[in-house]
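Asker: Based on the hints, put chain B in the right spot on chain A.
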Amino acid sequence: AQKITQTQPGMFVQEKEAVTLDCTYDTSDQSYGLFWYKQPSSGEMIFLIYQGSYDEQNATEGRYSLNFQKARKSANLVISASQLGDSAMYFCAMRPLSGGSYIPTFGRGTSLIVHP
Amino acid sequence: NAGVTQTPKFRILKIGQSMTLQCTQDMNHNYMYWYRQDPGMGLKLIYYSVGAGITDKGEVPNGYNVSRSTTEDFPLRLELAAPSQTSVYFCASSYGGPTYEQYFGPGTRLTVT
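Chains as they are written, first to last, in my numbering: chain A, 1 to 116; chain B, 1 to 113.
Check before you lean on any hint, since a few could be wrong.
[Stated by the list, open to error] Which chain A residues face chain B? A few, computed with CB under 8 angstroms, are given here:
1. Tyr32
2. Pro40
3. Glu44
4. Tyr54
5. Gly85
6. Leu97
7. Ile103
8. Gly109
[What the hints assert, rightly or not] Under the rule of at most 20 angstroms between Cα atoms (straight-line distance), these lysine to aspartate or glutamate pairs were calculated in the DMTMM-like manner:
9. B:Lys44 / B:Asp56
10. B:Lys44 / A:Glu15
11. B:Lys9 / A:Glu44
12. A:Lys3 / B:Glu59
13. A:Lys3 / B:Glu79
14. B:Lys44 / A:Asp86
Treat the hints as calculated values from the structure; they're not laboratory data. Beta carbons are placed, not taken as given, at the ideal position from N, Cα and C, and that holds for glycine.
Extracted from the complex, chain B is given alone in its bound form:
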């Protein structure tokens, strides 16, 4: 099993550009999440999905969009990148229910200049 994979690992964007962060999991998890982590801070939830075709906003959704057309994939779209979106982005997946841990991808370090 590859677990949770994310691409790219690093990316530099200019202000106003757009990009998609890819996330794929092969564990048949129904839940998937996107977080951002700013220096010295914990994880802030951007969007999550409880299954294919179902997505919902987290704590900091502005400037981002997601889709979940399959169980495996959960891409995160950044439209009109801003310097405030400079961060490390983590994708995670889990089974539903409060007893299940999350599995995280390796992260994408994004810089917007």
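For reference, chain A alone in the conformation it holds in the complex:
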């Protein structure tokens, strides 16, 4: 079974500052994918970034980067130069390779508020 833990229920950051949202995971799988999604107050879930367990380099997508530390089983999301529009819930998720079902597991999310 897989488990995703997001220990920060809420985070605050000043506009233009960087912020790190924590995600740790537990799995016995050797191969898996890690994802971050954003959920603004409007409700829709938006895919942000993906990291494969065998990827040597940390993933980056614009202002988003994923700090992947495989030995520590952590996949933290780093948002650089925060903007007011970054205020949202952020969810970490994992899809395993084993079993062939590839069913994702989600964390409980972290609320990010960006102050002007």
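Answerer: Leaving out everything else, chain B in the frame of chain A:
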């Protein structure tokens, strides 16, 4: 592409009523999912499907049923609605495999009173 569409956006049900939440995707994804999201919580998987004619239970299937007769459609049926089913329901789709992200619908906010 419309992506993943869900209807209705909002619905109020009385206890004991039944309804179907509709979900359609136009991306030819083989995987489809139904989640519920309760306030302050993450997503809990209700049912999923890996292709037309194949469905399986997720973490919280009780009180729900699904069918997948086509690749595009994955309706969720609520029988005998209960207040505990008050939630926001999201449908999602993806390709199979651990490297593929999910695409989500806009959600259905359901209240059972």
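Asker: Name the hints, by number, that the structure is in violation of.
Answerer: 2, 4, 5, 10, 13, 14
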